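K.L.:
Okay, here's what each chain looks like letter by letter:
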Amino acid sequence: MAAGVAAWLPFARAAAIGWMPIANCPMPVAPRDNSRKQDELIILNVSGRRFQTWRTTLDRYPDTLLGSTEKDFFYNEETKEFFFDRDPDAFRSILNFYRTGKLHYPRHECISAYDEELIFFGIIPEIIGDCCYEEYKDRKRENLERLQDDQEENKDIKLPNMNFRETMWRAFENPHTSTMALVFYYVTGFFIAVSVITNVVETVPCGSTANHKDMPCGERYTVAFFCMDTACVMIFTVEYLMRLFAAPSRYRFMRSVMSIIDVVAILPYYIGLVMTNNEDVSGAFVTLRVFRVFRIFKFSRHSQGLRILGYTLKSCASELGFLLFSLTMAIIIFATVMFYAEKGSSSSKFTSIPASFWYTIVTMTTLGYGDMVPKTIAGKIFGSICSLSGVLVIALPVPVIVSNFSRIYHQNQRADKRRAQKKARLARIRISKSGSANAFLQSKRNGLLSELLELTGKEEDEQKLLKSPSLLETQHHHLLHCLEKTTAHEFVDEQLYEHNCLETALQTYRSSSPAIPDSPVTTCCGRRRERNHDEANTTLPCSHLVPSHQDPLLELSAFQMQRCDLRSHHASRSKLNLRTNDRISCKSGRITTAIISLPTPPALTPDGDSLHGPTLRRAPLPSGHQAATAGLQITTGSCSSNIVKVSAL
Amino acid sequence: MSCRKRCKREIFKFAQYLFRLITGSLNNDSVEDELELSAVRHRPEGLEQLEAQTRFSRKELQILYRGFKNECPSGIVNEETFKEIYAQFFPQGDATTYAHFLFNAFDTDHNGSVSFEDFVMGLSILLRGTVQEKLNWAFNLYDINKDGFITKEEMLDIMKAIYDMMGKCTYPVLREEAPRQHVEVFFQKMDKNKDGVVTIDEFIDCCQNDENIMRSMHLFENVL
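Order-wise, the sequence lines are chains A and B. In terms of this note's numbering, the first sequence has 463 at position 463, counting the first letter as 1, and numbering is strictly consecutive. In terms of this note's numbering, the second sequence has 19 at position 19, counting the first letter as 1, and numbering is strictly consecutive.
Do not rely on the hints blindly, as some may be mistaken.
[Unchecked claim] What follows is a set of in silico ranges between Cβ atoms, one per label pair, in the way DEER data are often shown:
(1) R175/B to I296/A: 28 to 38 Å
(2) R414/A to A52/B: 45 to 55 Å
(3) M162/A to Q49/B: 20 to 30 Å
(4) M20/A to G67/B: 53 to 63 Å
(5) D195/B to N143/A: 53 to 63 Å
(6) P106/A to G67/B: 26 to 36 Å
(7) L244/A to D94/B: 33 to 43 Å
(8) I11/B to I296/A: 29 to 39 Å
(9) F14/B to M242/A: 26 to 36 Å
(10) M242/A to K160/B: 22 to 32 Å
(11) K160/B to E116/A: 33 to 43 Å
[Said to hold, decoys possible] Under the rule of at most 27 Å between Cα atoms (straight-line distance), these lysine-lysine pairs were calculated in the DSSO-like manner:
(12) K59/B to K71/A
(13) K140/A to K314/A
(14) K343/A to K380/A
(15) K343/A to K375/A
(16) K485/A to K59/B
(17) K83/B to K8/B
(18) K83/B to K433/A
(19) K83/B to K160/B
(20) K485/A to K13/B
(21) K168/B to K146/B
(22) K168/B to K433/A
(23) K13/B to K314/A
(24) K80/A to K59/B
(25) K140/A to K102/A
(26) K314/A to K417/A
(27) K71/A to K102/A
(28) K134/B to K168/B
(29) K8/B to K485/A
(30) K8/B to K314/A
(31) K83/B to K423/A
(32) K422/A to K83/B
(33) K485/A to K160/B
[As the list claims (entries may be wrong)] Partial chain A-side listing against chain B, Cβ under 10 Å, derived:
(34) D85
(35) I119
(36) L324
(37) E490
(38) V492
(39) Q495
It is worth saying that the hints were derived from the structure and are not from the lab. Keep in mind it's a predicted model, so treat the numbers as computed, not measured. Where is the CB? At the ideal position from N, CA and C, for every residue including glycine.
Taking the hints into account, I'd like the entire structure generated from these sequences.
P.N.:
This is how it looks when you write it as structure tokens:
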């Protein structure tokens, strides 16, 4: 029931007293209002803005969120109000709906945001009042079209298993998908042009030969033109058959406009072949040649503009129809009038009403050839009225057509623009996605780091240096960690993965390891301790470790993460490729770390600590314990350009 | 419908079209016939009933509902949305297959959508249930066709789905046989009578005897 009516219900019920004397049977028992509490004020706190209303106002629409018990989920005990974390501006119109019974659509509001609010509060958009409904529907339609455009572009994505037929169809529909398709596209375009030009040139007078006067080129070089025609028709036929073969729904394809144009373009040739010998119908044969000009419509597959034009005309079909109809009416009226007006004059050209049609059309479209002119005064008067009205009648539907064309054209422009921006958008989305993946890897390292910190006992100040992730992040990372444990595999980033693939290929070559004090091959728990890292232990301020973690740390491709049974967290022992062993040992007394930072493409938010100035992309080597070692060896890894391999002793 | 009737109808429609073309009233047809059926809306049961049926307190239910409604304002989740939401947690891999199995596990009445009640019942078991109930739920998840037995194929499907979530870039490099091997290990552990299927009793028995599993059952209790 609408709001207004609800208020009148007590009146209607009271007025029912009037039926009592008439009624013969006893009346049903009146419903009791058990919840006889006072009508109370409800406070709705929407993102800080407080709205107040009576409970009964909200109860008017019990199938919405506010009118039902669903709002209890949003009740805040302490403040005794209902809190909604939504947009307060949009909420205004929703609350007004309860008050007045009419839902209005505020024009400045974004259509999808408004829709979402409506869905959230459980209100169906159909009850938007008449004053705003049209606007709402228009905006919604526009939005849908825009979304559809976006979806259509996704057709370009190549599906993994497409059989030959589907590939071919896709090649036909979107020529830019493969080189073959592009070649085919241009070749057919070329042949269409050739065919049209030959049709035109055929009729041009070609200069006279000895015995005949000016002949059109077509008759002079019959054989050449015939060969050209044959070639073109061959190509068109092959193309048509291929399209027919590849079409997902052949029936629908055969009914489509483009295929009809194709057929009409090639049919006259075949009919001509069949009919050459029969002289009687050669007249008809000549007319068939006219249809060859329809080949020019085949260009619409190649030209966006033609398609837009065609689409506009189709969508303005009703306006065009109306234009035609009203013109016809006007023509008939004025032709009749002119005929009867000119009937009197002697040598009038207006011999019949149909003959006057020509005059009327020429006058109404303001052409004015002058081959038929009125001579009587009445004729002249009506003739001038005719030309004035012609201008009006034609000018009226034209703006509608123009605006339709403009809308479709702009839509197309927008689609093109969006397509161009799409690549950049996708790239950015991909980066942000990999950012979140990298965040997990980063936090793993941070996790290791914090263990180290616990070891060195320098927690207090160091903890601050680490970026403390939000609770949500830690929980998410814990989830990913659990997945790792379940599958006994770890997440690594792409470069590491690629290098690992390379590594496994190189495994066999790894027989001779260069002279390093420690053998590079270690088993899971064979932790190697470097002798001279004793001092590293004590003198290792966290600062040495942190720089590596500051840049988005990518472990060297040669790191091999190995599990240590002893711990629940994994110890990552890093083993540099054939050279060094720098490992972060797990809870051992010795900490050997050489942490190599690689320049990473996705920029993670850097750790907040400002300790490290040296943002050298090369390894900021912990100066302390690398000092004794051999130098830095910089080799280019397979995947990134500066993998730094540090030989630590 | 007979051919004649169809032809008549077509002719009539064509005549109508011509008429509308001439009088310029063609556009009325295209006025939104597509009544987009406004999305199915669902209203959950009252707070009191849910409190009684689940092991959550009032406040917890409120928090859960707010989150739920934020993601799905219409009050129900269909499978597509569920897959999208779940996939956001696993950016590196492809979580759609596993999300499908998860969806079926939550959608207890198999009507193709998960309402808030389904959601909260599932969570109640997972977060506040006894170990028995949790194991039951897990068994239900693995048992794809809900016939009471986990076969090797079902387990393989689940395993592949889980491994899919890891994505490509893992260490050690993910091999094709990894899921199958994992399934073998699982069956070795669980299938006591070696009949090729795991029943619910075998499953629960075996899990209760396994320290790690029992410990991990309590892992997520403080999620809310």
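K.L.:
Does each hint hold? Answer for all of them.
P.N.:
Right, here's what the structure says about each hint:
1. R175/B to I296/A: 28 to 38 Å: About 59 Å separates the Cβ atoms of R175/B and I296/A, which means 28 to 38 Å is violated.
2. R414/A to A52/B: 45 to 55 Å: holds, 54 Å
3. M162/A to Q49/B: 20 to 30 Å: Given range 20 to 30 Å: violated, Cβ gap about 51 Å.
4. M20/A to G67/B: 53 to 63 Å: holds, 55 Å
5. D195/B to N143/A: 53 to 63 Å: Since the Cβ atoms of D195/B and N143/A sit about 58 Å apart, the hinted range of 53 to 63 Å holds.
6. P106/A to G67/B: 26 to 36 Å: Given a distance of about 28 Å, which is inside 26 to 36 Å, the answer is holds.
7. L244/A to D94/B: 33 to 43 Å: Given range 33 to 43 Å: holds, Cβ gap about 37 Å.
8. I11/B to I296/A: 29 to 39 Å: holds, 33 Å
9. F14/B to M242/A: 26 to 36 Å: Since the Cβ atoms of F14/B and M242/A sit about 33 Å apart, the hinted range of 26 to 36 Å holds.
10. M242/A to K160/B: 22 to 32 Å: Roughly 39 Å apart at Cβ, these two residues miss the hinted range, so it is violated.
11. K160/B to E116/A: 33 to 43 Å: Given about 36 Å between the Cβ atoms, the range holds.
12. K59/B to K71/A: holds, 13 Å
13. K140/A to K314/A: holds, 22 Å
14. K343/A to K380/A: holds, 13 Å
15. K343/A to K375/A: Holds, because 10 Å separates the two Cα atoms, which is no more than 27 Å.
16. K485/A to K59/B: violated, 33 Å
17. K83/B to K8/B: violated, 48 Å
18. K83/B to K433/A: holds, 16 Å
19. K83/B to K160/B: holds, 16 Å
20. K485/A to K13/B: Measuring from Cα to Cα gives roughly 66 Å; hence the hint is violated.
21. K168/B to K146/B: Between K168/B and K146/B the Cα gap is close to 31 Å, so the pair fails against 27 Å, i.e. violated.
22. K168/B to K433/A: holds, 15 Å
23. K13/B to K314/A: Cα-Cα ~18 Å, so holds.
24. K80/A to K59/B: With a Cα-Cα distance of about 14 Å, the restraint between K80/A and K59/B holds, given a limit of 27 Å.
25. K140/A to K102/A: holds, 19 Å
26. K314/A to K417/A: holds, 24 Å
27. K71/A to K102/A: Roughly 21 Å separates the two Cα atoms, so the pair holds.
28. K134/B to K168/B: Outside the cut-off at roughly 31 Å; violated.
29. K8/B to K485/A: violated, 70 Å
30. K8/B to K314/A: OK: K8/B and K314/A at ~26 Å, within 27 Å.
31. K83/B to K423/A: The hint holds at about 25 Å.
32. K422/A to K83/B: holds, 24 Å
33. K485/A to K160/B: Given that 27 Å is the threshold and the Cα spacing comes to 15 Å, the pair holds.
34. D85: holds, 7 Å
35. I119: Interface hint status for I119/A: holds (4 Å vs cutoff 10 Å).
36. L324: The hint holds - L324/A has a Cβ within 10 Å of chain B, the shortest such distance being about 8 Å.
37. E490: holds, 5 Å
38. V492: Result: holds, 5 Å to nearest chain B Cβ.
39. Q495: holds, 9 Å
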